[in-house]
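Chemist: 0 is the number of the first residue of the sequence shown in numbering that gives the first Met the number 0; add one for each residue after it.
In short, the hints are calculated from the structure, not lab data. Note that the Cβ used here is the ideal one computed from N, Cα and C, for glycine as well. Watch out, some of these pointers could steer you wrong.
[As the list claims (entries may be wrong)] Label pairs and their calculated CB-CB ranges:
1. Gln137 <-> Glu184: 18 to 28 Å
2. Asn188 <-> Asp222: 15 to 25 Å
3. Thr51 <-> Ala288: 54 to 64 Å
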Amino acid sequence: MDRHTATLHADRIQASIASDAAAKSALVASWRRSASLHRLDPAGQKLPRRLTEIELSMARQRVEPLLAAARSSLDRLYLAVGGVGCCVLLADADGVPVDRRGAPVDDETFHSWGLWTGSVWSEHSEGTNGIGTCLVEQRALTIHRDQHFFTRNTLLSCTTAPVYDHLGNLVAALDVSSCRADLTEGFVNLIAMAVSEAARRIEADNFRMAFPKARILLAPVADKSTGALVAVDADDLVVGATRAARLALGITPDCLARPLPAADLLGDAPAVSEDLTEAERSVVQRALARSQGNVSAAAQNLGISRATLHRKLARFGIRRPH
């Protein structure tokens, strides 16, 4: 970027944050945070700070379960966008990319821009940018070219979505970045959809890994794409819920701190009732199969009486194997 264009960009930011636009524009509000709160200069030319190898290793260790859950989704997202000059970054809650996907032919370019593992992309360090601003505002967004705070970042287009852990806490940001000049608005919109969908997949996979012994149910909410999942234990008690489920169903940490029957939370939605009934039927069938049809042994393994098991066999229409 030439000096004249850089000056125009810096002047535009200063004029915007000096006006009343910050009250109406989330972008200008971010610019104002960058200048007033973080004391950054839009004309600054210093490249993003990079962690040492030891610091990066420690950052990765802190989110290792999330990295394991995210690998397949990162691969799928890269297959969708990598061929058009984009890289995929998964940053931790501090705005540091801890995993990345990119084409080797583009590596030198992205590394020079700081779009690399270990670079610090928090709003505190880099001003308005996809990763940092997403983490501050906790929403999916795109910071396209001259929407960036620093003039040196105005050739970048960054589309980012927040990622929440199994406790509903913000733990990461999933980002697709490009420095292509011919990136159209329509394609950016397609990238935004892909990034948001991948973020929800990461949350779902991480949630399932966090509750490996629980049954995972889709909460009965209007928007089935939100990833509103609930974990239910063997006693049909809710033991976990994704952020989307917590928001949709009003689940608080206090709710999960005490026994919470799934039926009380999920109601009598047919899909849920059928799921619970089918789960109980499957447990009975497995117990009977393991005991080779011996009802007494199956009842003992299930911790119920022989008479109770006979009633369940009749209710579920299960015949003893010969």
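Chemist: Please go over all the hints and tell whether each is borne out by the structure.
Modeler: These are the hints, each one checked on the structure:
1. A hinted range of 18 to 28 Å for the beta carbons of glutamine 137 and glutamate 184 is consistent with their spacing of about 24 Å.
2. The hinted window of 15 to 25 Å between asparagine 188 and aspartate 222 holds, with their beta carbons roughly 19 Å apart.
3. For the hinted restraint 54 to 64 Å between threonine 51 and alanine 288, the CB-CB distance of approximately 56 Å keeps it satisfied.
Violation of the numbered hints given earlier is absent; every hint is satisfied by the structure.
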